[in-house]
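Could you build the full structure based on these sequences and the hints that come with them?
These are the residues of each chain, in order.
Protein chains: 2
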Amino acid sequence: MARRAGVSIATVSRVHRNADLVAPATRERVHRAVAALDYRPSRLGRSLARGHHDATGIVFPDLSGPYYSAVILGYEEASAAEGQSVLILATHRRAASAKQVLDLADRVDGIVLFGRTVDDEVVEALVRRRVPVVLVARPIAGNSDSVRTQSRSTAEALTVHLFEHGYERVAYLGDPHASPDAAERWQGFLDAHRAARHRRWRPAIACGFREEDGRAAASVLFADRDRPDAIVCANDEIAMGVLVAARAAGLTVPDDLAVTGWDDIPAARHLAPPLTTVRQPMLDLGRRAAEILRDRITTHRIEPLHELLPTELVVRSSCGCSYHTKEAEE
Amino acid sequence: MARRAGVSIATVSRVHRNADLVAPATRERVHRAVAALDYRPSRLGRSLARGHHDATGIVFPDLSGPYYSAVILGYEEASAAEGQSVLILATHRRAASAKQVLDLADRVDGIVLFGRTVDDEVVEALVRRRVPVVLVARPIAGNSDSVRTQSRSTAEALTVHLFEHGYERVAYLGDPHASPDAAERWQGFLDAHRAARHRRWRPAIACGFREEDGRAAASVLFADRDRPDAIVCANDEIAMGVLVAARAAGLTVPDDLAVTGWDDIPAARHLAPPLTTVRQPMLDLGRRAAEILRDRITTHRIEPLHELLPTELVVRSSCGCSYHTKEAEE
DNA sequence: TTGTAAGCGTTATCAT
DNA sequence: ATGATAACGCTTACAA
Chain A
-17 MARRAGVSIA TVSRVHRNAD LVAPATRERV HRAVAALDYR PSRLGRSLAR GHHDATGIVF
43 PDLSGPYYSA VILGYEEASA AEGQSVLILA THRRAASAKQ VLDLADRVDG IVLFGRTVDD
103 EVVEALVRRR VPVVLVARPI AGNSDSVRTQ SRSTAEALTV HLFEHGYERV AYLGDPHASP
163 DAAERWQGFL DAHRAARHRR WRPAIACGFR EEDGRAAASV LFADRDRPDA IVCANDEIAM
223 GVLVAARAAG LTVPDDLAVT GWDDIPAARH LAPPLTTVRQ PMLDLGRRAA EILRDRITTH
283 RIEPLHELLP TELVVRSSCG CSYHTKEAEE
Chain B
-17 MARRAGVSIA TVSRVHRNAD LVAPATRERV HRAVAALDYR PSRLGRSLAR GHHDATGIVF
43 PDLSGPYYSA VILGYEEASA AEGQSVLILA THRRAASAKQ VLDLADRVDG IVLFGRTVDD
103 EVVEALVRRR VPVVLVARPI AGNSDSVRTQ SRSTAEALTV HLFEHGYERV AYLGDPHASP
163 DAAERWQGFL DAHRAARHRR WRPAIACGFR EEDGRAAASV LFADRDRPDA IVCANDEIAM
223 GVLVAARAAG LTVPDDLAVT GWDDIPAARH LAPPLTTVRQ PMLDLGRRAA EILRDRITTH
283 RIEPLHELLP TELVVRSSCG CSYHTKEAEE
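So the protein sequences, as listed, match chains A and B. Here this note's numbering is used: position 101 in the first sequence is 83, and no number is missing along the way. Here this note's numbering is used: position 264 in the second sequence is 246, and no number is missing along the way.
Hints are all accurate, no fakes.
Intra- or inter-copy, both count: the list cannot distinguish identical chains.
Below, in silico cross-link-like pairs of lysine to aspartate or glutamate (EDC-like), each with a Cα-Cα straight-line distance of 20 Å or less:
1) Lys81 to Asp102
2) Lys81 to Asp20
3) Lys81 to Glu106
4) Lys81 to Glu64
These are computed hints drawn from the structure, not numbers from a lab.
What follows is the structure, encoded as structure tokens:
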């Protein structure tokens, strides 16, 4: 051990966690020894003795697309600022995901669960095990903390906006059962229809979240003679697919068909036509998750905290608004 | 401890790493005790005793954009398949990044360094400390392993393609000093000009990697009376910015100006006009990094391994090729 | 087959 | 101010 090398003993520990309760002389001696032997204290030993990891985990259902990467960015940044390492895991709806999450849980001081990654039972198991948990974009469970974005009311506003443009047969494209957020948006869509009683509405058209899913679903839809004249998509990727399908079907957007997305991914403003969508503060989502988790870990707070982040309607042209591209969006 | 609870002692350890050298009867007894007490072995204890973490780290210079997220995806997937946890870190060019990386290094069994995250000295320090290192999209250092994508020859091919369309004043937009990849692409660009001697070329126009950087640089460029008639951009985001600037300047792409990108981000095919670019196997980049690192860790291989992944020219319309959008790219 | 005990590298509590 | 020493929770000879 470096201890022998220096001269002293476990005093090295003291100097290492920069306790000032060490004589300047000895401290200096230790520092020299450390430098000479290129000694680094072992995290493992330290963690074992102190009882915590200085690390947290974040688990996603998936990792593809610009959506998650922004969340990771915010999460990593906030965590690093607090000196916490971050472990990342994607469950991919694997059968073993519950085990993976449980496993991750005992490498960290706390964990954030994103969307539909694991069942409520797993969340409860985690909580029972005293693992601090923050739920992101997911219904509350096991009285852990949560962070979400406003979905329902903005979805309603978006749908109403379409009504105001005169569209009459508005469809919702996306599977409300696939993700909690998609479900909320669908509810908002329904709210709008309920408020405007004369509107008829059709059931949600279930489809996956990828562009190709949207394209496929839309092209089927367009074959119908009673095709919708506006489509509210569960996310931007689906909307991109719809745009592709519309072009293929000879439909002009937004004249023949309005299309809206959700997320405001970077590509959205570059589409033809620029996509009307909803911006979510994804960076903040990750950042707040990290902060709330940290708080729960350090303060041992018992009351669950629930945070709702605002979203913002981003009106471009695909809903029938201004036709000319806006130059100065920035 | 659960040991007392069951009946036996450190036999629980044996049964836990499913050693079959335990009598079925006792094993059963232990299993029951484990279930009853909801006992989970501590990773810390285990790691400390065995001397490894079953985790690896990956560090990025940044985390924004679709580029990194694909790499993470591949890396996480391959790591999870091998039962390794993954720690993620973004240095953001922070001053403390060397320290952060060194710090990360002793939480893991090996580390992958992406692009311009840390100086060669840090890599060497890591290697000296016997930390297995894989370098991704970065020049070789400290004789660690590396994975890269083919840049130079494809960049040359891309530039030649532009020549064949008849463009004469081709510019390169992107900072060769900012990233190793950008430097390679610039070299390929030069190679093409050297091969076609009659071509005159201009120095690279340094600019950041984001859309706004590209837009700003391009609009300056367009003000020049000797403006280029084709621009090879260091990545797709820059190219998107150029497209925006071109529209603002009243230039038609590809008639007045050809534009090419790099990466083939999801948005590329949806731009107007669809962007000619270069596809990189980013998923594989992450996956191979994980596999090579794992190999180095387990086999203690001493010879460095260097892998070069192929890239592919994706010809769309922004280079002057077919004008109609291809429907069935898939 | 299974128990005993010596590490693994820290921190923390006592003494001194 | 600093040295012993007992945890921390596991693995792994070595005995029994």
